[in-house]
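Peer 1: Below, each chain spelled out in residue letters.
There are 2 protein chains.
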Amino acid sequence: MSHATTAAAPAANSMSFERWLASRGQRTEQALERVLPAAATHPARLHEAMRYAVLGGGKRVRPLLVHAAGEAGGAPAAALDCAACAVELVHAYSLVHDDLPCMDDDVLRRGRPTVHVRYGEALAMLVGDALQALAFEVLAAAAAHGAAAAATTAMVVELAHAAGSIGMAGGQAIDLASVGAALGREALEDMHRRKTGALLRASVRMGALCAPDAGAAAEAPARRMQALDHYAEAVGLAFQVIDDILDVEGDAATLGKTAGKDARHNKPTYVSALGLDGARRLAGQLREQAHAAIAPLGEAAHSLACLADLIVARKS
Amino acid sequence: MSHATTAAAPAANSMSFERWLASRGQRTEQALERVLPAAATHPARLHEAMRYAVLGGGKRVRPLLVHAAGEAGGAPAAALDCAACAVELVHAYSLVHDDLPCMDDDVLRRGRPTVHVRYGEALAMLVGDALQALAFEVLAAAAAHGAAAAATTAMVVELAHAAGSIGMAGGQAIDLASVGAALGREALEDMHRRKTGALLRASVRMGALCAPDAGAAAEAPARRMQALDHYAEAVGLAFQVIDDILDVEGDAATLGKTAGKDARHNKPTYVSALGLDGARRLAGQLREQAHAAIAPLGEAAHSLACLADLIVARKS
Numbered sequence: 000m001s002h003a004t005t006a007a008a009p010a011a012n013s014m015s016f017e018r019w020l021a022s023r024g025q026r027t028e029q030a031l032e033r034v035l036p037a038a039a040t041h042p043a044r045l046h047e048a049m050r051y052a053v054l055g056g057g058k059r060v061r062p063l064l065v066h067a068a069g070e071a072g073g074a075p076a077a078a079l080d081c082a083a084c085a086v087e088l089v090h091a092y093s094l095v096h097d098d099l100p101c102m103d104d105d106v107l108r109r110g111r112p113t114v115h116v117r118y119g120e121a122l123a124m125l126v127g128d129a130l131q132a133l134a135f136e137v138l139a140a141a142a143a144h145g146a147a148a149a150a151t152t153a154m155v156v157e158l159a160h161a162a163g164s165i166g167m168a169g170g171q172a173i174d175l176a177s178v179g180a181a182l183g184r185e186a187l188e189d190m191h192r193r194k195t196g197a198l199l200r201a202s203v204r205m206g207a208l209c210a211p212d213a214g215a216a217a218e219a220p221a222r223r224m225q226a227l228d229h230y231a232e233a234v235g236l237a238f239q240v241i242d243d244i245l246d247v248e249g250d251a252a253t254l255g256k257t258a259g260k261d262a263r264h265n266k267p268t269y270v271s272a273l274g275l276d277g278a279r280r281l282a283g284q285l286r287e288q289a290h291a292a293i294a295p296l297g298e299a300a301h302s303l304a305c306l307a308d309l310i311v312a313r314k315s
Numbered sequence: 000m001s002h003a004t005t006a007a008a009p010a011a012n013s014m015s016f017e018r019w020l021a022s023r024g025q026r027t028e029q030a031l032e033r034v035l036p037a038a039a040t041h042p043a044r045l046h047e048a049m050r051y052a053v054l055g056g057g058k059r060v061r062p063l064l065v066h067a068a069g070e071a072g073g074a075p076a077a078a079l080d081c082a083a084c085a086v087e088l089v090h091a092y093s094l095v096h097d098d099l100p101c102m103d104d105d106v107l108r109r110g111r112p113t114v115h116v117r118y119g120e121a122l123a124m125l126v127g128d129a130l131q132a133l134a135f136e137v138l139a140a141a142a143a144h145g146a147a148a149a150a151t152t153a154m155v156v157e158l159a160h161a162a163g164s165i166g167m168a169g170g171q172a173i174d175l176a177s178v179g180a181a182l183g184r185e186a187l188e189d190m191h192r193r194k195t196g197a198l199l200r201a202s203v204r205m206g207a208l209c210a211p212d213a214g215a216a217a218e219a220p221a222r223r224m225q226a227l228d229h230y231a232e233a234v235g236l237a238f239q240v241i242d243d244i245l246d247v248e249g250d251a252a253t254l255g256k257t258a259g260k261d262a263r264h265n266k267p268t269y270v271s272a273l274g275l276d277g278a279r280r281l282a283g284q285l286r287e288q289a290h291a292a293i294a295p296l297g298e299a300a301h302s303l304a305c306l307a308d309l310i311v312a313r314k315s
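Heads up: the protein sequence lines correspond to chains A and B, in order.
Residues in the first sequence are numbered from 0 upward in steps of one, following numbering that gives the first Met the number 0.
Residues in the second sequence are numbered from 0 upward in steps of one, following numbering that gives the first Met the number 0.
Where hints are given, some of them may not hold.
Repeated chains share a single entry, so a pair holds when one copy, or any two copies, can fit it.
Claimed, not checked - Derived lysine to any residue pairs resembling SDA-like cross-links, with alpha carbons at most 25 Å apart:
hint, residue 1, residue 2
1, K266, A215
2, K266, T40
3, K58, A180
4, K266, A217
5, K58, D242
6, K266, E47
7, K314, H160
8, K266, R44
Keep in mind the hints are simulated off the structure, nothing from the lab.
Everything numeric in this text was worked out from a predicted model, so none of it was measured.
Required output: the full structure, derived from the provided sequences and hints.
Peer 2: Below, the structure is given as structure tokens:
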């Protein structure tokens, strides 16, 4: 996974971002490995399939956002691990269900057979269901790892709202209903704000909620949360715009999933709405908006700025 | 919904249990109505289907257990509403997913077409996913309704663990794998302890966690939780034994769902393991165990005792 350097960031910081990425990525893999039941735990086939769905692949964009946003507020790393795993487990469950025959009917994910191809449809559904439950179990453990109990219940609300009918699941329902429809720019943005944006935004907000001053009725945490919200909004949309561009430009080998499926399924995308050049321009603008939003946070937000660049520059 | 009177309970208490049942049942319906997004809320079809899945039917056994267990410890009613709704939403989601073609492939539930028959398979899956998320969102709100923040995070762990791969979803995975297998009594109990017992037990424990002294390192709440745990264990198994008996004895009109499906699917049941008389005897013994477990709690546990009777005497 490569990254684009920001114009503003000096070379030393850019190097340290590379190190930061590797470190937080490794932390996340270890934490996921730890919170998932061992493959031999009864019922073993379910646990093996849950591990298959979560481990061995994935860019871990959401955990990285949790860590970057949390560190901007001085949050303890162990609490951030809980939030990072929780949001990644929700993301992983959504991919398993999304790939099912009754949804996108996809056979390839991260270069491997999808969960239902490998373990059957019924077990794949249970894998998704169990991963969602595990996400909340892991998140609640943040209270025992340095997050305040009140902040932990706030994170549960944040994650549940982002995953639920107003957020991600709602976005997927809109997506289902919009196949073959010509969505306008506004309706398209509403769909993506729910489908992918809500969980990305929750990642940033959950990171911020782990900060020791998050619950205080003070100006600094409130200003920080507002800056992070604007950042998350821009990054969330940029993520989707790039997804749509990659769906057209990418090939299955790089993407690790079936390319061109949105166009084939006649789904509305940013590319179909704005053209390829228009979509690229929009991604660039959103990247600038993300940078501008966190400028007041100064050096503490350096990883967040680099992550925005990374999300826009990604090739898969 | 009728109930059996206990031998020990005087008539006046029995009358007051009827009133208690009606009151807590009504509270639960109103609370569920309130926490579910309105059917007109965007995306409307998803929200309409979520309401269809949850409202208009259901015995609300789990919410009743939450209230009865909570009241035995003096828990605030508003916090119990949150826990009661949360556990019922998890139960409702599990029915929606369980009815899907890739699982039990059922077309009738509570006398009406199942969610996927009415709204399609893809939306039914999203209904289940969104209901699970909503459960945790509603549960976290207990912290704002009289439960301690620490008790609220403990309830999240409780519910997530009961719903997940070690509990309900795990039980369903074992069920899937056991079709056509001759499970011994022990393996059968293990499956049911997870599939239905875990959530019933969580209902009782979550109610107890709403009590004002639940977090205190004192003897009374610890003894109460232990008594309730033994009660929940017996009631959970009794519930499943009766389910198996009704699957053989009941007819679709009374059950509101397809009768005889377990036998037809060649699933192991208590009736196939113990015979009809043996299963009935076991249900009676479990009812006695439930009563004995909560005897030390005295009059405060009256509703719990009556609920155990009700669960064993139920006809649907």
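Peer 1: If a hint holds in the structure, say so; if it does not, say that too.
Peer 2: Against the structure, the hints:
{"no.": "1", "hint": "K266 to A215", "in the structure": "neither (44 Å within a copy, 55 Å between copies)"}
{"no.": "2", "hint": "K266 to T40", "in the structure": "between (40 Å within a copy, 23 Å between copies)"}
{"no.": "3", "hint": "K58 to A180", "in the structure": "neither (31 Å within a copy, 41 Å between copies)"}
{"no.": "4", "hint": "K266 to A217", "in the structure": "neither (45 Å within a copy, 59 Å between copies)"}
{"no.": "5", "hint": "K58 to D242", "in the structure": "within (13 Å within a copy, 45 Å between copies)"}
{"no.": "6", "hint": "K266 to E47", "in the structure": "between (33 Å within a copy, 24 Å between copies)"}
{"no.": "7", "hint": "K314 to H160", "in the structure": "neither (30 Å within a copy, 38 Å between copies)"}
{"no.": "8", "hint": "K266 to R44", "in the structure": "between (35 Å within a copy, 19 Å between copies)"}
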